[in-house]
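*Asks:* Chain residues, written in single-letter form:
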Amino acid sequence: MNHSGETAARRLSFMTPLLLLVLFFVLCCGVLSCVFIRSAAISREAEIYNASVTLCRSEAERFRAGASEGEWLRFDAALSPCTAEESVYTLRVERTAAETPAGTVETAVLSAGATGAEPVYSLTVTAYRPSED
Amino acid sequence: MGGKRFRTGSVSVLFAVIMLCVAVLAALTVSTATADRRTARRYGEYVQRLTECQNEGQRWLAEADAYLRGAGELPAGTQQNGSEISTEITDGNMTLTIRLAAEGEAYEITAWSLESQWQPEEERWSLWHK
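Chains F and U are the protein sequences, given in the same order.
Taking our numbering as reference, the numbering of the first sequence is continuous, increasing by one, and the terminal residue is 133.
Taking our numbering as reference, the numbering of the second sequence is continuous, increasing by one, and the terminal residue is 1130.
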């Protein structure tokens, strides 16, 4: 008479270990997925930092050569100059100058980072410009 | 009597092997990503030291130019040998050597050389320990 109840109980006891196994598997997959996502974030952070250092170093050389212009410079993913709409990285140049007895010492503070985010790298570069006379 | 019992042993082994492989991959991924970030930061520090050394050189150049034009004194740490004035600027393991050939009030930069000395890291563990 209680045949259907016994069958259901038998099925439950049969499926429980399998369900627990699948649940454990899903939990492990979730944890490992978080690890992979965190790794991707760290890689992206390193990529942005490397690009910022490269852009600052390049602009520092241009500044010393006297070829640096503008305050906001924008670059695409290939570190080529581009428009604001296409920019992936942004470099800001803040210039100051101090007179010396024989010329001018110009200083530029370069700060770079991903567009729309805070700068992650900053570089201060100095260049001496002798006076003509 | 009882029905055929479903064996979970083989499924458990399969799941365990899959989890182990994916866990190893995840560990390698994290390790690689953190190594990339560490390398990037070291490169940034290197560029900072390099630029600061160059900046010191530019400031020295301003003082040396003022000295040659008679508008200042010989900068500190400068050697003068006849018409040649030179200096060495050291920042950590980097050394910037600058030499100017003075021609009256004008000058020509004859050397602007930046060298860095390699300093081996402290040996923490050596496989072939002597």
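Careful, some of the hints might be misleading.
[To be verified] Just a few of them, taken from the derived set where beta-carbon distance is under 7 Å, the chain F residues facing chain U:
| # | residue |
| --- | --- |
| 1 | PHE25 |
| 2 | VAL26 |
| 3 | SER43 |
| 4 | VAL53 |
| 5 | ARG57 |
| 6 | CYS82 |
| 7 | SER87 |
| 8 | LEU123 |
| 9 | THR126 |
Since the hints were made in silico from the structure, they are not lab data.
Every value quoted in this text rests on a predicted model; they were computed, and no experiment measured them.
For every residue, glycine included, the Cβ atom is placed at its ideal position computed from N, Cα and C.
*Asks:* Please go over all the hints and tell whether each is borne out by the structure.
*Replies:* Each hint tested on the structure:
Residue-level restraint check for F/PHE25 holds (minimum Cβ-Cβ distance to chain U is 5 Å; threshold 7 Å). Taking 7 Å as the C-beta cut-off, the interface hint given for F/VAL26 is violated, the closest approach to chain U being about 10 Å. For F/SER43, the interface hint holds, the least distance from its beta-carbon to any beta-carbon of chain U being 5 Å, beneath 7 Å. Taking 7 Å as the C-beta contact cut-off toward chain U, the hint placing F/VAL53 at the interface holds, the least distance being around 5 Å.
Look at F/ARG57: its Cβ gets to within about 5 Å of chain U, closer than 7 Å, so that hint holds up. Violation of the interface hint for F/CYS82 is found here, the shortest Cβ-Cβ separation to chain U being roughly 23 Å, above the 7 Å cut-off. This hint is violated: F/SER87 has a C-beta 21 Å from the nearest C-beta of chain U, more than the 7 Å allowed. For F/LEU123, the interface hint holds, the least distance from its beta-carbon to any beta-carbon of chain U being 6 Å, beneath 7 Å.
The beta carbon of F/THR126 is positioned within 7 Å of a beta carbon in chain U (closest approach about 4 Å), and the interface hint is therefore held.
In terms of the numbered hints stated before, the structure departs from hints 2, 6, 7, listed from lowest to highest.
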